[in-house]
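Sequence positions in the sequence shown follow UniProt numbering and run 1 to 343.
What the hints contain is simulated information worked out from the structure, not anything from laboratory work. Be careful, since some hints might not be right.
What the hints assert, rightly or not - Restricting the straight-line Cα-Cα distance to at most 25 angstroms, the calculated cross-link-like pairs of lysine-lysine (DSS-like) are: (1) K232 x K274; (2) K306 x K232; (3) K232 x K160; (4) K27 x K8; (5) K38 x K110; (6) K115 x K27; (7) K329 x K306.
To be verified - The following label-pair restraints were derived from C-beta to C-beta distances: (8) R214 x D74: 20 to 30 angstroms; (9) P338 x L169: 16 to 26 angstroms; (10) G40 x K343: 49 to 59 angstroms; (11) A31 x E313: 26 to 36 angstroms; (12) V272 x C342: 31 to 41 angstroms; (13) G116 x D143: 52 to 62 angstroms; (14) P338 x S295: 22 to 32 angstroms; (15) E319 x L169: 41 to 51 angstroms.
Quick caveat: nothing in here was measured; it's all calculated off a predicted structure. Ideal Cβ placement from N, Cα and C applies to all residues, glycine included.
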Amino acid sequence: TVTTTGGKTIQQAIDDAHPGDRIVVEKGTYAEQLTISKNGISLIGHEATLSVPGTPFHNTCSGLAGPDVTNQVDPTVDTQAGICITGTDVSLARWEFEHRKFNSVGSTVKEVSVKGFTVNGFGLGVAVVGARDTTVSGNTLIDNNFYGALTVGSKNTVFKHNTVYSTPLPFPFIRVIGICMDDRNPVSVHHNEISNYWVGLCLQTNEANVYENRVHDTCIGAYVDPNVDGAKVHDNDISGTGANCRAPDGSANPIFGGQVYGIVMSGAINTVVKGNNIHDKLGLGYGIAIMDDASGAVASGNLVEKNSVTGNEIDIHVETIGKKNVVKKNNICASSFPSGLCK
């Protein structure tokens, strides 16, 4: 076990550690960004908070979410992650939208775990890139503008028992995504609480397993991206609409549009949406939606079963030319498009 004592920074402790070491960080606020690229490192915070340092440190995760357009001094500077778990010799595509896409990794970092930290005010709270068997658990990720947590180009990432939230911003601004997974499958995201983001859960990984999360006061609870195959979204509680999803007069948000969904499959295929409780998505809100994507991706083979969908403006909405989408045995459902899906 390595502890951060004697004036040593957390990053110095990580740099001095050997693969497999356990690093314990005591209570306090640390103006640091952290990079972990050694196998088997276990980083444990005891009421430890990371805040944005005065001078950013460049690593794999710098610019992962593009430029930091929230920076009032220079909106062209890179976004930064509070904790960056990264393999070596990572190649990423140029940023176009949301985050940079993964190309390759020279050496994968394995079996890193991070627990017990508060990460406050970064572009990304925790980012995992080119890693395997990473566990991020029991952390509090506050006001990280673009992503609370993001995993890209990794395998067997687990995000569990984290609290990811954004404090309200003036209209029309909304922090972007709570937890997003864009991995070389599989990935597991469970028992997290996410609130006040535009999108709570972003699924861009085939066969992602997303369950028993509580997502509230978002514009979109869970978004399954075009062509994502075989994701499972089950036993989650998704409720409420964020204050800035629509303008006070009910018109669309000029930055984010006016979409309000509990769970949406946009050109996704073979998704299983089961056992979720989705309620009170108001402001032209849909509880569950299956639709074709504007890119041309067609939603097909999706199953919506045994969900409780209530108090939404439209509980279930299906609008696709795709085949083999099945909606059945949803426990509480009052309204649908087309009609008859609540039977």
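Outcome of the hint check:
For the given pair, K232 sits about 8 angstroms from K274 by alpha-carbon distance, which is consistent with the 25 angstroms threshold. Using a Cα cut-off of 25 angstroms, the hinted pair K306 and K232 holds, with the two alpha carbons roughly 14 angstroms apart. Taking the CA atoms of K232 and K160, the gap is about 16 angstroms. The hint holds against a cut of 25 angstroms. Between K27 and K8 the CA atoms are separated by roughly 14 angstroms; this keeps the pair inside 25 angstroms, and the hint holds.
For a cut-off of 25 angstroms, the pair hint linking K38 to K110 stands: about 8 angstroms separates their Cα positions. For a cut-off of 25 angstroms, the pair hint linking K115 to K27 stands: about 13 angstroms separates their Cα positions. A distance of roughly 5 angstroms separates the Cα atoms of K329 and K306; the hinted pair therefore holds under the 25 angstroms criterion. For the pair R214 and D74, the supplied restraint of 20 to 30 angstroms is violated, since their beta-carbon distance comes to about 37 angstroms.
Look at P338 against L169: about 37 angstroms separates their beta carbons, and that is not inside 16 to 26 angstroms. In this structure the supplied range 49 to 59 angstroms holds for G40 paired with K343, their Cβ-Cβ distance being about 53 angstroms. The hinted window of 26 to 36 angstroms between A31 and E313 is violated, with their beta carbons roughly 45 angstroms apart. At about 19 angstroms, the CB distance of V272 to C342 disagrees with the hint of 31 to 41 angstroms.
Checked against the hint of 52 to 62 angstroms, the pair G116 and D143 fails, with Cβ atoms roughly 19 angstroms apart. With their beta carbons about 24 angstroms apart, P338 and S295 fall inside the hinted range of 22 to 32 angstroms. For E319 and L169, the hinted distance range of 41 to 51 angstroms is not satisfied, since their beta carbons lie about 31 angstroms from each other.
Of the hints listed earlier, those the structure fails to meet are numbers 8, 9, 11, 12, 13 and 15, in rising order.
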